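Knowing the structure of chain S, use the given hints to seat chain P on it.
There are 2 protein chains.
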Amino acid sequence: MSKIFIDIAISLDGFMAADNRSPKNPMGDNGPAIHNWMFVQKAFWETHSMDNRGEKDDADGQLIRETFARTGAWMMGKRMFEEGEASWPEGLFRAPVYVLTHEKREPWVQKDNTTFYFINDGFEGALAKAKAAAGNKDVRISGGADCIRQALNSGYVDELTLHIAPLIHSSGLRPFDGVDKTKLTFIPTKTVHSPMTTHITYTVSPNS
Amino acid sequence: MSKIFIDIAISLDGFMAADNRSPKNPMGDNGPAIHNWMFVQKAFWETHSMDNRGEKDDADGQLIRETFARTGAWMMGKRMFEEGEASWPEGLFRAPVYVLTHEKREPWVQKDNTTFYFINDGFEGALAKAKAAAGNKDVRISGGADCIRQALNSGYVDELTLHIAPLIHSSGLRPFDGVDKTKLTFIPTKTVHSPMTTHITYTVSPNS
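Protein sequences, first through last, are from chains S and P. Letter by letter, the first sequence follows residues 489 to 696 of the numbering used here. Letter by letter, the second sequence follows residues 489 to 696 of the numbering used here.
It is possible that some hints are incorrect.
Stated by the list, open to error - With a cut-off of at most 25 Å between alpha-carbon atoms, the simulated BS3-like pairs for lysine-lysine come out as follows:
{"no.": "1", "chain 1": "S", "residue 1": "Lys592", "chain 2": "S", "residue 2": "Lys544"}
{"no.": "2", "chain 1": "S", "residue 1": "Lys678", "chain 2": "P", "residue 2": "Lys678"}
{"no.": "3", "chain 1": "P", "residue 1": "Lys671", "chain 2": "S", "residue 2": "Lys678"}
{"no.": "4", "chain 1": "S", "residue 1": "Lys566", "chain 2": "S", "residue 2": "Lys592"}
{"no.": "5", "chain 1": "S", "residue 1": "Lys669", "chain 2": "P", "residue 2": "Lys625"}
{"no.": "6", "chain 1": "S", "residue 1": "Lys530", "chain 2": "S", "residue 2": "Lys678"}
{"no.": "7", "chain 1": "P", "residue 1": "Lys678", "chain 2": "S", "residue 2": "Lys544"}
{"no.": "8", "chain 1": "P", "residue 1": "Lys491", "chain 2": "P", "residue 2": "Lys625"}
{"no.": "9", "chain 1": "S", "residue 1": "Lys617", "chain 2": "S", "residue 2": "Lys530"}
{"no.": "10", "chain 1": "S", "residue 1": "Lys566", "chain 2": "S", "residue 2": "Lys544"}
{"no.": "11", "chain 1": "S", "residue 1": "Lys512", "chain 2": "P", "residue 2": "Lys625"}
Since the hints were made in silico from the structure, they are not lab data. All values derive from a computational prediction rather than experimental measurement.
Next up, chain S with everything else stripped away, as it sits in the complex (with noise of 0.2 Å):
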């Protein structure tokens, strides 16, 4: 059964990303810092389709495969999407990636796969496509926060994953604002500790 799952990285202050975000400061400043765990895995270039910039290669980058494999579809909001566009290499998501927005805008088709659908018909509208572009495979809810809130709040999600990096944002955006506390049940499953961050995932479901 295909799931639905969020996998974010956040600060230990709870951030998604800090302040003065903009195409030419993605994630705004020092926002990036919370994805060092990554960058320096070669599986997070390889899979990627980029040039391998990675010197390691352990349980983190274990991980990054499988949450890529298992990936058909990604969702993610407009201010996400346009802060990447500028500096996103094409070919990027090797799956379709559904992006929320009120513009109206043909696909983009990319290689490898990649074509960014522009959805004007709301969360659900936009998931329905995802789930049924992804088969068997999962959808990833990717960012940025509000994105992450709607979903939560949906209670369409099956799973969360938070990557904890050990660094303080001190203001941002904070993907549990505004998610309602009385609406799910989280439990944790499964915890990988590493020494750039701390991987954890819940089951996520809807109290009845």
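The following block gives chain P in isolation, referenced to the frame of chain S:
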């Protein structure tokens, strides 16, 4: 060498305490739920010399015993003390407790080596007294959020343990709010998985 350590529970969205805190409602609405993992452990009731209401004795309990055994003195803020004073049984801490306050008050001597000292000369003054009292054991900074912030910003903290509870508070007090993001380096050293919480320990050191 004696260490200064922080050991606190937080919600998935980073709160140590919820809204509507008072001595009649310690930690605020549903606040104590972040400690549910402790309340089911025999070790929690044993170490605090209370009638045993725990049904479990596993890795979480072992962690409670180790943390209690290493603690030679406690530090806490005035509001944490005032919220607890109304309901804590006597002799709970089994070591001297240094309370940061502006109130002048004689030490409150209880059984089992628990004595509350009310310290009026700030965080560093209280820390010096707690270190002297702890001897070869460690000093535990208990909370609340404002006391944790002061401790981290002081640069004296050696170790931080977070127990991340799988629930959302949505509002309340966050321990990292107001912590200087440039001042400290955190390195995750140990992670312990539990179905009721996730324990992460970091070494903490001031940046040079």
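Checklist line | Lys678(P) paired with Lys544(S) [C-alpha distance capped at 25 Å] | finding: holds (20 Å)
Notebook entry, point to check: Taken at face value, is the distance from the CA of Lys544(S) to the CA of Lys566(S) at most 25 Å?
Noted result: Violated. Lys566(S) to Lys544(S) sits at ~32 Å, over the 25 Å cutoff.
Note to self: Next pair to validate is Lys617(S) with Lys530(S); report whether the Cα-Cα distance is within 25 Å.
What the structure shows: violated (31 Å)
Note to self: Against the 25 Å threshold, does the CA-CA distance of Lys491(P) and Lys625(P) hold or violate the hint?
What the structure shows: holds (8 Å)
Next item on the list: Take the C-alpha atoms of Lys669(S) and Lys625(P), compute the straight-line distance between them, and say whether it is at most 25 Å.
Entry: violated (39 Å)
Notebook entry, point to check: Taken at face value, is the distance from the CA of Lys592(S) to the CA of Lys566(S) at most 25 Å?
Noted result: holds (12 Å)
Checklist line | Hint consistency between Lys678(S) and Lys678(P) [alpha-carbon to alpha-carbon, up to 25 Å] | finding: holds (14 Å)
Checklist line | Hinted pair Lys512(S) and Lys625(P), Cα distance within 25 Å | finding: Measuring from Cα to Cα gives roughly 50 Å; hence the hint is violated.
Check: Do the alpha carbons of Lys592(S) and Lys544(S) lie within 25 Å of each other, as the hint requires?
Finding: violated (41 Å)
Checklist line | Lys671(P) paired with Lys678(S) [C-alpha distance capped at 25 Å] | finding: violated (31 Å)
Checklist line | Proposed proximity, Lys678(S) with Lys530(S) (alpha carbon, max 25 Å) | finding: holds (23 Å)
Hint violations for this structure: numbers 1, 3, 5, 9, 10 and 11, all remaining hints satisfied.
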